[in-house]
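**Q** With the hints as constraints, model all of the structure from the sequences given.
For the record, the sequence lines run as chains C and W.
Under my numbering, the residue at position 76 of the first sequence is numbered 76, and the numbers go up by one with no gaps.
For my numbering, count along the second sequence from 1 and bump the result up by 1000.
None of these hints come from the bench; they were simulated from the model.
Only true hints are included.
When the alpha-carbon atoms are kept at most 27 Å apart in a straight line, the in silico DSSO-like pairs for lysine-lysine are as follows:
hint	chain 1	residue 1	chain 2	residue 2
1	W	K1020	C	K30
2	C	K30	W	K1100
3	W	K1100	W	K1005
4	W	K1055	C	K30
5	W	K1138	C	K30
Computed from the model, here is a short list of chain C residues facing chain W with C-beta under 7 Å:
hint	residue
6	K30
7	G41
8	T45
9	E49
Computed footprint of chain C on chain W; a stretch qualifies when at least three of its residues, placed anywhere within it, have a C-beta under 8 Å from a C-beta of chain C:
hint	region
10	1039–1048
11	1054–1066
12	1089–1097
13	1117–1127
All figures in this text were calculated on a predicted structure; none of them were measured in a lab.
Just so it is clear, CB atoms sit at the ideal spot from N, CA and C, and this is done for glycine as well.
Chain by chain, the residues:
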Amino acid sequence: MGRVVVQFLIPVREDPVAGNGQLHPPFRWKALQDALARTFGGWTTPSGEIHGAWIDPQTKDEVRDTSRMFEVDVDEERLDEVRALLRWACRTFVQKCVRVVILGRAEYIEGGPNDEPL
Amino acid sequence: MSPYKTITGRKFDPTAFSSKERELFVALTQEYKQNPDWAKFSAYWQRLLRETVSKLPAEERSRQPLYRIAQDLEMRLGIAQGAVAEPDYRDYLADRIEEKYGSRYRFCKETGIPEAFLSQVLSGKKDFSVEMLRRAAKALDLGLALLPTGDLADLPMSDLSALQHVCAVVKGELASLESLRDHLGRIKDPGKRGKALSKEASMFQGALEVVLSQLEKLPKDRQGERLFEIIDKKKSELEALIGFLRERIAVLADEMTSPEQRRERTLPAI
Chain C
1 MGRVVVQFLI
11 PVREDPVAGN
21 GQLHPPFRWK
31 ALQDALARTF
41 GGWTTPSGEI
51 HGAWIDPQTK
61 DEVRDTSRMF
71 EVDVDEERLD
81 EVRALLRWAC
91 RTFVQKCVRV
101 VILGRAEYIE
111 GGPNDEPL
Chain W
1001 MSPYKTITGR
1011 KFDPTAFSSK
1021 ERELFVALTQ
1031 EYKQNPDWAK
1041 FSAYWQRLLR
1051 ETVSKLPAEE
1061 RSRQPLYRIA
1071 QDLEMRLGIA
1081 QGAVAEPDYR
1091 DYLADRIEEK
1101 YGSRYRFCKE
1111 TGIPEAFLSQ
1121 VLSGKKDFSV
1131 EMLRRAAKAL
1141 DLGLALLPTG
1151 DLADLPMSDL
1161 SALQHVCAVV
1171 KGELASLESL
1181 RDHLGRIKDP
1191 GKRGKALSKE
1201 ASMFQGALEV
1211 VLSQLEKLPK
1221 DRQGERLFEI
1231 IDKKKSELEA
1241 LIGFLRERIA
1251 VLADEMTSPE
1261 QRRERTLPAI
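**A** Written out as structure tokens, the structure reads:
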């Protein structure tokens, strides 16, 4: 099996409903980078900040946010490890879900109550 | 080459680096000085360090001094660009654990703090009890302090002393201006007031210059912005004092002019 490119977005602020809408302190970013380096050998950020908007299905309000995009090359058989890491990231960065694109398909990964933070 | 100090106060000595590492260190700091977008800087240092770091086992990569320095520079840019919050106590804790124990596992083994619990604390999901925090702080040679709330409460310790110094100077100058105002108000005789005015006006000017020079010295990063925010709160007091002194100067100047001069000044020109 070959390696696939996985892209995911991490908003620069906590979710305003699940969290407090505040910026993340440095240790969260460092924990994510360390986990990516440790698990997949590195990462890259193909662009600067990404601006987006979406409708929160819970509140029906439009949410505008700014995110950072991370890109990781992963062996295809390790895609579940990416999903597990993003469940942790979802909890660590206090998001309702994390958007990830795997093989051109978008997935929205939610953190469960039993997912350990990074 | 002086030691590199992270935002949490951790020091790295570049003189202990190999020549290749020193080259990379210089390249990193030069790129940082160009103030690139923090996310783009992230991609830059990943590329720059790839060759050096990729030779190491995966779990050791993030513990390399150059990796930590690059990460710290990225966070500094993020903070300065308003995309990352100031470090909180967990940043200090995480850095200190790595510096003193090398790994969370060793720290937890030494202190008896469960590793899963520490992980939840460091991710902001849980908090230490006071007893546990005291135990962790002791093991890390850190002190616990209760600080006053208000403007300074949420600042990192490293910025606190610089900020307190500037605030003390501004506060001191405000007190001087208040005392000048009171002094001026107590002088009844217009003649004496006129003499006192020029002396006090020059003192007032001097006081203002001190405040301005302090403001000019402020760093032009996020810390500077924070200082300005706080000083802004003091600005209304300062402006009220300046307004009062200007009024007094105008009144005194009017009292000091002769009736003829005053008439000339108030009559329309022919």
